Each structure stands twice: as structure tokens, then as C-alpha cells.
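Add chain C with the ligands to chain V, keeping to what the hints say.
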Amino acid sequence: MFENLQDKLDRAFKVLKGQGSISEINVAETVKEIRKALLDADVNYKTAKTFTDEVREKALGQNVLTSVSPGQLLTKIMNDELASLMGGTVTELELKGNPTVILIAGLNGAGKTTFSGKLANYLKDKKNKKPLLVAGDVYRPAAVDQLQILGEQVGVPVYANLESKDPVAIAMEGIAEAKRNGNNVVIIDTAGRLAIDEALMNEISAVKVATQPQEILFVVDSMTGQDAVNTAKAFNDRLDYTGVVLTKLDGDTRGGAALSIKSVVNKPIKFIGTGEKMEALDVFYPDRMASRILGMGDVISLVERA
Amino acid sequence: EKTKEGFFAKISKAVVGKSTVDDAVLDELEEILVTSDVGVTTTLKIIERIEARVERDKYVNTSELNQILRDEIQALLAENNSDDFANFEYGKHKPYVIMVVGVNGVGKTTTIGKLAHKLKESGNKVVLGAADTFRAAAVDQIKVWGERVGVRVVAQPMGSDPASVAYDTLQSAVSNGEDVVIIDTAGRLHNKIALMNELTKIKNVMKKVIPDAPHEILLVLDASTGQNAIEQCKQFTEATDVNALALTKLDGTAKGGVVIGISDQFKIPVKYIGVGEKINDLQLFNKNEFVNSLFK
Ligand SMILES: Nc1nc2c(ncn2[C@@H]2O[C@H](COP(=O)(O)OP(=O)(O)OP(=O)(O)O)[C@@H](O)[C@H]2O)c(=O)[nH]1
Ligand SMILES: Nc1nc2c(ncn2[C@@H]2O[C@H](COP(=O)(O)OP(=O)(O)OP(=O)(O)O)[C@@H](O)[C@H]2O)c(=O)[nH]1
Ligand SMILES: [Mg+2]
Ligand SMILES: [Mg+2]
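Line by line, the protein sequences give chains V and C. Residue numbers for the first sequence follow the numbering used here, so the first one is 58 and each next one is one higher. Residue numbers for the second sequence follow the numbering used here, so the first one is 47 and each next one is one higher.
Just chain V, with the same shape it has in the complex (with noise of 0.2 Å):
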């Protein structure tokens, strides 16, 4: 992609090292390149065009003062302006009220139980926090039984009731156990659902307003396509969720649907899975994620030491 890059400008114009600045005549090629590098990278169509859009604008007629070529320059820029809109700098989760309620949602198989276990454990060992994990996922196959092997394994108390098909009040027995049990933290996690299943956003949206949950996290899976938008979307304006969990980022994804969802929610990313073990998680660094999504770290560094 670099080289490509790279060969494509040279070839173009001869650009003076130091000297000139940027115009739409000496980077059009790099636009061009740095939005298909975005779609690449599953960035949506709109926020693609939109933001390379954005960015040229805001970059033409700066001066090219050091020994990089106009290109290398507007390919900085957007990295920069890509790391800002990802957030700046790290989000913490708001810990307040007593218990702390934090709802887990998103799509089937996105990562939700999984990050309902390391969130548990991270909150235990680093935040010294005594959570109670809430199953509230009644759908599934063996779902209670993942959340409750995952609890053993980080050694955190799980509430469940086989009993009971109603989310709400499991949910609600769920906080009435850590009060008990004088558990600060509740994690319940949901079963996954389309953003377009009626029923089941309804549902969840009554988990919100029985629980009160400080924390409402979007957990999304970092391999996802141009749908991104659709779901996170959907799911925002029905929970006005407070962040979002980018799971599975151990992979060799782009993760393009961070900018993507970003750009539309304009929500937090809080957290980001990097592996199926429980130890497996991370905060989330926005500068890290805008260089992943446009994997132009060569020219980025290469424009930083000039």
C-alpha cells in the first residue's frame, strides 16, 4: 500500500522536497488511495467519502515545510484528524452509584458473555470492585451455563434463575442479590439480537428502564462490515448507550467499523477484546486504532521524523 503509494506520487509530480503545499492538483492520487485504504478497512461508504472530503479540505494550502512530499503530508493529516475523531484520549468507565449498574448489549455472537467475564475480572483486580454478574441472556443454549463457567473462572458470583424467562426481572432479582450480598458492581449481560427485532429491542430497552444502569456498553464485533452504522445506530437510539466494546481485535482486521460507528454515534469506545481468555482485555487507545484502520504506519512515522 506504502510503496504503491509511494510510486504513484513520485511518478506524478516532482515534487521539490520542503518546498510547496498542499493543493487538490498534488494529492488527488493520495485521496483516491487513502479512500479505498478506508473501505478496505470497512470504514462505511459515507464516512469515507465524508471524511477524506473533510480532511483535504481543512489540509489544502498548508505548506510543506519539511522533506515529505505533499501526499506523505495530507496522509498524516487524515491519520491525525482519524486519532482525534476516535476519541483523543482514554474513556474510563464512570463507576457511581451503589450498586454500579452496567448493561451489556449487541449483536448474536458479538463477544457479549465473554466481555461480561473479563469485565468482571478486570473490575476485581484492577479496581478493586466486588461485581455480581447478572444472566439475563434466557434465550440461548447454555448461555447461563457460559456466564456461570466464566464467573468461576475469574472468581465472581453469578445470579441466574432457570426459572424465569423475563429478563426485566431477573435483572431486577440480580441487583436486589448484590445489595444483599453487598456486591458494589452488577454486570447483566443480554442475549444478542438484530436491531431490528422489534420484540427483543423492546425487551432490552425495559432491562434500561427497570435497571437505571450507569453504564450501558455496546459491545461490537471489530470484524464487522459497512452494517456498523445500521447497528449501532439502532441500538443507540434505543439505549443511548454510554460506550462501546470493540471485541476480537487479536484478529487481523482493519477495524474500519470503529471509525464508522464513531462517526455516527459519536460514542466512546471503552474497551477492546483481544483474545478469548479472560485476561484478554484492554482499554482502548484511539491513536493505536486510527493507524490500524488506515495501515499506513510507514508514511505516518516517516512524516513524524522529518
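It should be emphasised that the hints constitute simulated quantities derived from the structure, not laboratory data. Just so you know, these numbers come straight off a predicted model, no measurement behind them. Take these hints with a grain of salt, some might be off.
Okay, the calculated bits of chain C under chain V, using three or more residues with CB under 8 Å as the criterion [said to hold, decoys possible]:
(1) 145-158
(2) 208-216
(3) 225-237
(4) 256-263
Note that the Cβ used here is the ideal one computed from N, Cα and C, for glycine as well.
Chain C with the ligands in isolation, oriented as in the chain V frame:
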């Protein structure tokens, strides 16, 4: 529905009486394809083919263009590929062995449950092998499916060697005279070499029981996955010679367009689609319907 009308209405305005397809139409088409996860490269390929055809045929009207569009996309799904599968019957192998692979959470276990149901309905004796011994409660999950469908599940405790579960399952299927064996495997990301090697081992062990098994290696892809699905296909094919695809979660808003590029590049047919979490929510893939759904 709105987009569909919008697109075809724009086509008529832009095309009537012209001998070239206008840029506005091609831009619109590009947007539809890219937002369906078809990918930039494959989208450009489709657009080039349409342009070439329009140039060759000189004059196109609206309905011809609609047809050309469908033809060219279907051609990408069909070239060097087999026809759509007509039914859930597999003919001469007994037992017919299906090994199911894919990255985490795509719907492997659920697809197995649904497929077992279809196969049983069409008169087969089916047995499932619980070779995901890794993910929490994976064995419990497939056992629930086994009960739901009313088929036998061969399992060992969590943490057992998955290859040994696969071996056991095949052996007992042979001695029980069962018609179809479906082996579940743990989800794994395709960039983890050790886990991919494990998959190759599971596959090879089956040959000790039935030399030409597994007959079907089914890679399950989540319709909401973007361009990463191409790499998944590549790596799983290298490890296990994937020869069929299942595309799940098509009941959502994701279009699954990435399979167009995949079937073009890898010549692996899409065989099944998943359209829900329930036992009946599995269908055979139909190219025509799939292409139509991209414009819905
Ligand atoms: N490699 C990797 N796998 C993950 C990660 N997070 C979750 N998984 C795996 O993804 C699969 C699905 O995870 P679950 O936690 O069951 O997903 P879920 O969202 O609860 O699924 P449903 O409840 O069925 O909607 C499992 O195989 C997990 O082990 C991650 O960060 N990396
Ligand atoms: N809406 C919908 N959900 C599906 C479909 N297929 C599977 N699911 C759901 O997706 C989630 C994950 O399915 P699993 O069958 O556990 O996926 P898996 O690939 O076996 O997951 P791992 O074994 O953890 O890698 C569950 O919530 C399923 O109910 C489908 O076609 N449509
Ligand atoms: Mg779950
Ligand atoms: Mg499974």
C-alpha cells in the same frame, strides 16, 4: 424497498435512449455494492464488466440494464462454481461427514443444530460430534441442540483433545450405521497458527476411520463481516480445504456481499444461509434471490 425503487428509478432516468451508462448511475451502483460489503476491488470489476457490455451492445434500455446488472453479479457468483444445491440429500457417501469451521461467534454450532434438523427431516440418521472442547459451555450448547433436534451427540469432557472427539464420533457413526456426521469445532481466528494447525489435525484424524472423510468442510461466515471474510476464507482453506460456505445472520440488515468476491476468488460455493436463531431458520443458498436482496 425505498432504496430499490430509488435506484431503479434513477437508472431509468439516466439510461433511457443513451448508449453509455451515465456516471451518476455507476456511482449509485458503486455505493450500493460497497455498502453491501462487496468490496472495492470486486465492485470495480462488476462496474467494468457492465461498462464493457454496454459498450459492446451499444444501446441499452432500463430493463436491459437491470438484467445486465443481475447477470454480471450472478456470473461472479457462478463462474467455475456449481449450480445452487437443490436439496439436503447427499447421495453416495455413508456416513457423509461434515466438518464445520470458522472464526469465533459466526454461528457454527447453531448452523449445525439447524442443519441436523433439516437432514433428519429428509430421512437421515444424524450424529453430532462436540469437538469444541474449549469455549465455556460449548459442549452443553450442542447437547441442547441435539436434544431439540432429537439426534445423538458424541462428547467428551471440556478440555479433551478435539481430534479424539472427532475420531470417536466417526467410529460410533460407522458402528451405528448413521447417515450423516457433523463435527463442531471451536471458533478460532485465522491468524492463530497453532489453532489452525489443530484444525488440520482434526481433519486428518478422521481419515483413519473413513479414508475420504470429511466430505464437506463447511466454513461459516457471518453476513455482517466485512472484508476480513476474504482472509478468513483464505486461511481456513489453506488449513482444511474448505469446499462449502454457509452465510449466517442474513435475517439482519447486513447483506453479506463479501461472498461475491469470495466465490469469485476461491471458487467455493455458498451452500446454506442462516436466517434466524430458530431450528427452521436454515435455507439453501439461491443466487438469484441473493442478488435481488442486494438491491432491496
Ligand atoms: N479471539 C477472540 N475471541 C473472542 C473475543 N471475545 C469473544 N470471543 C469469542 O467469540 C465467541 C462469541 O463470544 P460470546 O461471548 O459467546 O458472544 P455473545 O455476544 O455473548 O454471543 P450471544 O450471546 O450468542 O449473542 C466465543 O467463541 C468467544 O470465545 C476476543 O476478543 N477475541
Ligand atoms: N439472527 C441470527 N442469529 C444467529 C444465526 N446463526 C447463529 N446465530 C446466533 O449467533 C450467536 C452465536 O452462534 P453460535 O452458533 O454459538 O456461534 P459459533 O460460531 O458456534 O460460536 P463459537 O463456537 O463461540 O465460535 C448465537 O446467539 C446464535 O443464536 C442466524 O442465522 N441469525
Ligand atoms: Mg452471550
Ligand atoms: Mg460454537
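Taking the hints in turn, this is what the structure says about them:
no.	hint	result
1	145-158	holds (count 5)
2	208-216	violated (count 0)
3	225-237	holds (count 3)
4	256-263	violated (count 0)
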